[in-house]
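Peer 1: Okay, here's what each chain looks like letter by letter:
Number of protein chains: 2
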Amino acid sequence: MKLASLKGPTRDGTLILVNRDLTRAVKADGIAPTMQYALEHWDEVHGKLLDAYESLECGNERHEFSFADALAAGKVAAPLPRAYQWLDGSAYLMHVERVRAARKDKVPESFYKDPLMYQGGADDMMGAKDPIRAASEDWGIDLEGEVGAIVGDVRMGATPAEASASIRLLTLINDVSYRALIPGELAKGFGFVHGKGANALSPVAVTPDELGSSWDAGKVHLRLVSHVNGKWFGNPNAGDDATFSLFDLISHAAKTRELKAGTLIGTGTVSNKDAATGYVCIMEARVVEQVEQGAPKTPFLKFGDTVRLEMLDHHGATIFGAIDQKVEKYSPPLGGARGGS
Amino acid sequence: MKLASLKGPTRDGTLILVNRDLTRAVKADGIAPTMQYALEHWDEVHGKLLDAYESLECGNERHEFSFADALAAGKVAAPLPRAYQWLDGSAYLMHVERVRAARKDKVPESFYKDPLMYQGGADDMMGAKDPIRAASEDWGIDLEGEVGAIVGDVRMGATPAEASASIRLLTLINDVSYRALIPGELAKGFGFVHGKGANALSPVAVTPDELGSSWDAGKVHLRLVSHVNGKWFGNPNAGDDATFSLFDLISHAAKTRELKAGTLIGTGTVSNKDAATGYVCIMEARVVEQVEQGAPKTPFLKFGDTVRLEMLDHHGATIFGAIDQKVEKYSPPLGGARGGS
Numbered sequence: 001m002k003l004a005s006l007k008g009p010t011r012d013g014t015l016i017l018v019n020r021d022l023t024r025a026v027k028a029d030g031i032a033p034t035m036q037y038a039l040e041h042w043d044e045v046h047g048k049l050l051d052a053y054e055s056l057e058c059g060n061e062r063h064e065f066s067f068a069d070a071l072a073a074g075k076v077a078a079p080l081p082r083a084y085q086w087l088d089g090s091a092y093l094m095h096v097e098r099v100r101a102a103r104k105d106k107v108p109e110s111f112y113k114d115p116l117m118y119q120g121g122a123d124d125m126m127g128a129k130d131p132i133r134a135a136s137e138d139w140g141i142d143l144e145g146e147v148g149a150i151v152g153d154v155r156m157g158a159t160p161a162e163a164s165a166s167i168r169l170l171t172l173i174n175d176v177s178y179r180a181l182i183p184g185e186l187a188k189g190f191g192f193v194h195g196k197g198a199n200a201l202s203p204v205a206v207t208p209d210e211l212g213s214s215w216d217a218g219k220v221h222l223r224l225v226s227h228v229n230g231k232w233f234g235n236p237n238a239g240d241d242a243t244f245s246l247f248d249l250i251s252h253a254a255k256t257r258e259l260k261a262g263t264l265i266g267t268g269t270v271s272n273k274d275a276a277t278g279y280v281c282i283m284e285a286r287v288v289e290q291v292e293q294g295a296p297k298t299p300f301l302k303f304g305d306t307v308r309l310e311m312l313d314h315h316g317a318t319i320f321g322a323i324d325q326k327v328e329k330y331s332p333p334l335g336g337a338r339g340g341s
Numbered sequence: 001m002k003l004a005s006l007k008g009p010t011r012d013g014t015l016i017l018v019n020r021d022l023t024r025a026v027k028a029d030g031i032a033p034t035m036q037y038a039l040e041h042w043d044e045v046h047g048k049l050l051d052a053y054e055s056l057e058c059g060n061e062r063h064e065f066s067f068a069d070a071l072a073a074g075k076v077a078a079p080l081p082r083a084y085q086w087l088d089g090s091a092y093l094m095h096v097e098r099v100r101a102a103r104k105d106k107v108p109e110s111f112y113k114d115p116l117m118y119q120g121g122a123d124d125m126m127g128a129k130d131p132i133r134a135a136s137e138d139w140g141i142d143l144e145g146e147v148g149a150i151v152g153d154v155r156m157g158a159t160p161a162e163a164s165a166s167i168r169l170l171t172l173i174n175d176v177s178y179r180a181l182i183p184g185e186l187a188k189g190f191g192f193v194h195g196k197g198a199n200a201l202s203p204v205a206v207t208p209d210e211l212g213s214s215w216d217a218g219k220v221h222l223r224l225v226s227h228v229n230g231k232w233f234g235n236p237n238a239g240d241d242a243t244f245s246l247f248d249l250i251s252h253a254a255k256t257r258e259l260k261a262g263t264l265i266g267t268g269t270v271s272n273k274d275a276a277t278g279y280v281c282i283m284e285a286r287v288v289e290q291v292e293q294g295a296p297k298t299p300f301l302k303f304g305d306t307v308r309l310e311m312l313d314h315h316g317a318t319i320f321g322a323i324d325q326k327v328e329k330y331s332p333p334l335g336g337a338r339g340g341s
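Listed in order, the protein sequences are those of chains A and B.
If you're matching positions, the first sequence starts at 1 in UniProt numbering and goes up one per residue.
If you're matching positions, the second sequence starts at 1 in UniProt numbering and goes up one per residue.
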């Protein structure tokens, strides 16, 4: 099942079902008005959503509309337009190793057993085609391509097996990062506030069964393809070189807290040991360039630059649709605040 | 104006107005169903809420009920039962100085200009009388008494003056902390995930005008009184020794992001230079004991222990009501997850 949200009428958007090839969609608000509602009432709405999804797939939904048109018109929000919790892990330690190697530092042994994880902002997630808005190019604007799980309620102390059963949907994430702000902020010791922007999610979130055998043991065994300014930038396989599965990361997140339905858990930047697979974040390319060529070459993002993240199945079909964003200079909403619902 | 939320029927609770002395209340759901809705539609609902508040105060609300009874019966949720964002600052550097002095460390000069701040979990805030639930006493369960501001929409890059205009409500916070888990977690460098539990908020949140002249320049000039197991533990003045105001902290939080309506910003643990004012967190008492007496004496909280946080006006009347919690061993909800809406 593939789910998405249209923008409005409230900040939580309107839940829609999207067919497998992402061409057609139908409102699901007769079953659940919003994605957050669906996640809180999953057992009750799941069967009804699945019925409507199959009906849409078979062309039997009279009120279907073009998802492609809605997406192109900027009407599609993030599948979960805002989340009460966003916890991002670091499953791919190659990413961490490369970054630390550039400053002649090693990855602590403990990181291979005890996942790194930070809590970030998710009160306003970007739709897949919404602009990345930053006040200054000097922030060192960067993408981070990740896979994310949206969970139902998870008890405190949940095991990885329990975490497995809690996963409702999978999505792609662009965890926008401001590289120039991060070193100073991390030196303060309390994690990220300024160093991370809003996340963008892929156009649709999908139930794990949509991935078939590519979803195995809490990992998505497919390549995450990135482009920067239309040029291929990388395609690391999210199933390779992941020290931790999403099951491990959810269990880690829940060690001392309940996770409430709608919590988003990320894998951290996907990265493979094989450097030929390229990168889904610019910083990693730059640190490899620093080590191999004496200086970083790939610039961080400037206003007007574009980034694209996508995952294709074994037949070349897009699973989640593409995150496809342009970087823009932030201008405040009129009146200094964004109005209404 | 004093606002609170009853538990149910959804996870966002039901908005109520509470009279000034916290004895009587009336549902406000005809104006705004939930606190989150009110915060998102503040300009539209504020006048109507104020009308109903004045009517309640004058005894003219036919459907009023006893707030004290509802609170005693466990029917009162946190005023904002869940928030999309919780960012906690460190305004009171005395707290940080004491903790660092115990490990013979100094506070970096930069902390006096650039606030420490971390992002925490707020998907499930505790009502003022809800139990603190931890799986183990070995976590080093501690309270942290704070003042918090709940804001409307704030633009990226907002100045302290703009931040000032964004404050909708003030509340007290118990930022539950697990001291034994924090050193290892902070050493990893990404902030808190395991080291912080859910927050409790005071029974009511109040518009700043309710504090009269005690609300000045983004600081609340009143004492935050703490009791542990019924014994006085401290009463530092939240207006003294605060290096940063809530205006500063909100502006800091908004440097690279918009803050969406309903964001909760905390001052960090209130602490005064004058040690005679005691403490609103056990760790601080322990580090002073360590320095002055050679060993910490005050134990962290055990199951069955109680903590109380309250703020009184100059006439001795409670402003926010008391956070009054018992520590309990966590037991998972039946079926491994909490059901329904």
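You may find that some hints are simply not true.
Pairs involving identical chains hold if they fit within one copy or between any two copies, as the list cannot separate such chains.
Only pairs whose alpha carbons sit at most 25 Å apart, straight line, appear in this in silico SDA-like list of lysine to any residue [said to hold, decoys possible]:
{"#": "1", "residue 1": "K48", "residue 2": "E210"}
{"#": "2", "residue 1": "K106", "residue 2": "E185"}
{"#": "3", "residue 1": "K188", "residue 2": "K273"}
{"#": "4", "residue 1": "K302", "residue 2": "D69"}
{"#": "5", "residue 1": "K302", "residue 2": "I167"}
{"#": "6", "residue 1": "K113", "residue 2": "A135"}
{"#": "7", "residue 1": "K326", "residue 2": "E162"}
{"#": "8", "residue 1": "K255", "residue 2": "P183"}
Calculated directly from the structure, the hints in this document are not laboratory data.
If you're wondering where the values come from, they're calculated on a predicted model, not measured in any experiment.
Peer 1: Evaluate each hint against the coordinates.
Peer 2: Hints, one by one, checked against the model:
For the identical chains of this complex, K48 and E210 are intra-copy neighbours only, at 17 Å inside a copy versus 48 Å across copies, given an alpha-carbon limit of 25 Å. In this assembly of identical chains, the alpha carbons of K106 and E185 lie at most 25 Å apart whether taken from the same copy (20 Å) or from different copies (18 Å). For the identical chains of this complex, K188 and K273 are inter-copy neighbours only, at 23 Å across copies versus 30 Å inside a copy, given an alpha-carbon limit of 25 Å. In the homo-oligomer, the alpha carbons of K302 and D69 never lie at most 25 Å apart, since the shortest distance is 28 Å inside one protomer and 58 Å across protomers.
Taking CA atoms no more than 25 Å apart as the test, K302 paired with I167 passes in neither setting, with 36 Å inside one copy and 34 Å between copies. Taking the shortest Cα distances, K113 and A135 sit within 25 Å of each other only across copies (21 Å), while inside one copy they are farther apart (38 Å). Proximity of K326 and E162 under a CA criterion of 25 Å is satisfied in neither setting, with 38 Å inside one chain copy and 28 Å between copies. For a Cα distance limit of 25 Å, the shortest separation of K255 from P183 across copies, 16 Å, qualifies, whereas the shortest one inside one copy, 28 Å, does not.
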